[in-house]
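Trainee: Protein chains in written order, with the numbering used here: chain R, 655 to 866; chain S, 500 to 703.
Please keep in mind that the hints were generated in silico from the structure rather than gathered at the bench. Honestly, I wouldn't trust all of these hints.
[What the hints assert, rightly or not] Partial selection, computed: residues in chain S whose CB lies under 7 Å from chain R: (1) S503; (2) V506; (3) S508; (4) G539; (5) F546; (6) L586; (7) L590; (8) F591; (9) F593; (10) L596; (11) T597; (12) L652; (13) L666; (14) V667; (15) V668.
Even glycine gets a Cβ: it sits at the ideal position worked out from N, Cα and C.
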Amino acid sequence: MQAVDIGPKPQEAKRVLAMAFALTLVFMALAPSASAHKVNVFAWVEGDTVHVEGYFAGKKKAQDSLVEVFDSSGEKLLDGRTNQQGEFSFKIPKITDLKIVLTASMGHKNDFVIPLSDLEEVSPQTTAESSRLTEAEPYEKKMISPGAALEVNLSQMESLIDKALDRKLIPLSKLIRETRPEGPTFVEVVGGIGYIFGLMGVALYFMSKKKS
Amino acid sequence: MHISEGVLSAPVLISGAVLTAAGVAVGLKKMDSEKVPLVGVLSSAFFVASLIHVPVGPSAVHLVLNGLLGLLLGWTAFPAILVGLALQALLFQFGGLTTLGINTFNMAMPAVCCYYLFARGIAHKRRGLAIGLAFACGFLAIFLSAILVAFSLIFTGESFLAAAKLLVVAHLPVMFIEGIVSAFCLGFLKKARPEILRVTHASG
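Please work from the sequences and hints to get the whole structure.
Mentor: Right, dumping it as structure tokens:
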């Protein structure tokens with residue numbers, strides 16, 4: 655079996671291939687200004703409010719896009735539209751997995767799910783319950799104010815800690831938002847081109863078999 | 500131009516898939532071994548072009564290059580674009596696997612139209628005329644794709660005229676850039692590698 659014969663004029667075909675390969679390299683060189691063409695949704699919880707942000711890659715905001723919020727059984731809880739900054743905020747309507755669906759113009763759509771556990775942290779019910787439990791244990795209460803004159807209201811303290819934590823966490827959640835992966839990586843780009851060249855090889859192999 | 504998953508209804512998705520299957524079948528039939536390298540490389544170019552973001556205009560748009568693919572490949576633009584889109588869906592999460600059919604059709608059909616409209620013209624001896632036609636080809640292919648995407652969105656509740664207007668306006672800068680890219684590529688190929696154009700016209 656001889657080497658794969660690509661056409662009647664192998665020399666010419668080779669030149670075509672080399673030329674086209676150079677073209678691909680040119681496009682790859684242009685690629686670093688990379689940006690995707692899909693809409694992304696990101697949502698995070700701050701206190702009892704959920705913030706939703708819609709953006710196209712390249713940090714372009716998805717303005718005036720429809721945001722719909724569904725619970726875990728698929729029932730629609732509320733909807734709204736993003737503002738000029740591509741943001742939309744709402745109070746947590748229900749303690750459940752929230753599925754946030756963003757529909758931008760021109761057939762772009764994506765969703766983001768805030769899992770149940772995220773929301774339980776801020777649920778007023780759970781807060782009340784946990785403070786009741788702690789109060790039921792006198793031992794622990796004694797530990798907190800051993801002989802102190804100042805009687806600390808536990809639920810008050812908890813809400814203070816919550817507030818302080820929220821404040822401290824804002825830069826962190828901002829950091830997470832800003833460092834989200836954006837657009838494809840170099841490896842994915844090169845990998846995709848590799849796939850295409852591989853397919854090309856397979857096609858040529860079968861064509862050469864048919865010929866011989 | 501990539502329509503995301505979950506936007507379109509099943510009948511639209513299925514008709515897109517059927518049309519694309521037909522186009523790919525024609526394309527594969529016309530693809531001989533001499534043409535395979537060109538198809539592969541232009542498919543790669545298409546695959547990468549979507550990463551070149553055009554920061555002008557109201558929305559996020561990118562290069563498509565379907566005019567150039569149509570001009571050089573004819574019907575084989577169908578398999579080339581299908582492969583490019585499949586990899587974009589898998590690796591970049593652009594579009595999606597269920598919308599592969601309709602998205603391929605929306606980009607490859609204008610490519611084929613452009614082939615029939617312009618392929619003869621760009622072989623013309625007058626260089627200026629050929630390059631002008633290549634520009635028109637790149638420009639028109641995007642315009643037709645925008646119209647087809649708007650048409651696909653009719654059944655989602657977006658009105659055709661509003662969607663078409665939005666898509667065409669958003670892609671105006673892309674149309675000009677693609678026209679220039681196509682014109683530049685053709686000018687270069689005509690001068691440096693005219694045999695590529697011969698490969699094209701031997702088999703359509």
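Trainee: Against which earlier hints does the structure fall short, listed by number upward?
Mentor: 3, 10, 11, 14 and 15
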